[in-house]
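Undergrad: When we follow the numbering used here, the leftmost residue of the sequence shown carries the number 9, and every step to the right adds one.
Derived by calculation from the structure, the hints in this document are not laboratory data.
Take these hints with a grain of salt, some might be off.
What the hints assert, rightly or not - If you anchor each label on the Cβ, the simulated ranges turn out as follows:
#1 Leu70 <-> Glu109: 55 to 63 Å
#2 Asp115 <-> Leu78: 52 to 60 Å
#3 Gln12 <-> Asn43: 42 to 50 Å
#4 Asp72 <-> Asn43: 39 to 47 Å
It should be emphasised that the depicted structure is a prediction, and the values quoted were computed from it without experimental measurement.
Where a beta carbon is used, it is the ideal one built from N, C-alpha and C, also for glycine.
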Amino acid sequence: REQQRAEAGHQRAGAAEDRANREEQRANAEELRANAEEQRANAAIASVAEEKETRRGIEGRLADIERAKLEVELAKLEVEGAKREAEEQLRGAELKLAALERAAGSDAASAAAAA
C-alpha cells in the first residue's frame with residue numbers, strides 16, 4: 009500500500025511536472041509571438057519614418073525647383089526692364105540726333121540764304 013501511494017504520488021508529481029513544462033512551452037510560444045509582433049510594429053514605424061523622410065526630401069526638391077523657376081522669372085523681368093531702358097535711351101539719342109540734324113540743316117539753310 010505504501011508503495012502504491014508512493015507510486016501514485018510520483019505519478020502525480022510527474023504529471024504536474026509535465027503540466028508545468030507544457031505551460032512553460034505555451035508561455036515561450038506566446039513570448040515568441042509577442043516578439044514577432046513587436047518586430048512587425050518596429051518595421052512599420054521605420055517604414056513610416058522612411059516614407060516621411062522621403063516625402064520631406066521630395067518636398068525640398070520641389071521647393072528648390074520652384075525657387076529656381078522664380079529666379080528665372082525674376083531674371084527675365086530684369087532683362088525686360090534693361091531692354092526697355094536701353095530702348096528708351098536709344099529713342100532719346102535718336103531724338104537728340106534728329107534735333108541736331110534739324111539744327112544743322114537750318115544753320116545750313118540760313119547760311120545759304122545769307123550768301
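Undergrad: Hint says 42 to 50 Å; check whether the CB-CB distance for Gln12 and Asn43 agrees.
TA: About 46 Å separates the Cβ atoms of Gln12 and Asn43, which means 42 to 50 Å holds.
Undergrad: Given the range 52 to 60 Å, decide if the beta-carbon distance of Asp115 to Leu78 lies inside it.
TA: Since the Cβ atoms of Asp115 and Leu78 sit about 55 Å apart, the hinted range of 52 to 60 Å holds.
Undergrad: Should the hint that Leu70 and Glu109 are 55 to 63 Å apart at their CB atoms be regarded as holding?
TA: Roughly 58 Å apart at Cβ, these two residues keep to the hinted range, so it holds.
Undergrad: Is 39 to 47 Å a correct range for the gap between the Cβ atoms of Asp72 and Asn43?
TA: Hint holds: Cβ distance 43 Å, inside 39 to 47 Å.
The structure shown violates none of the earlier numbered hints.
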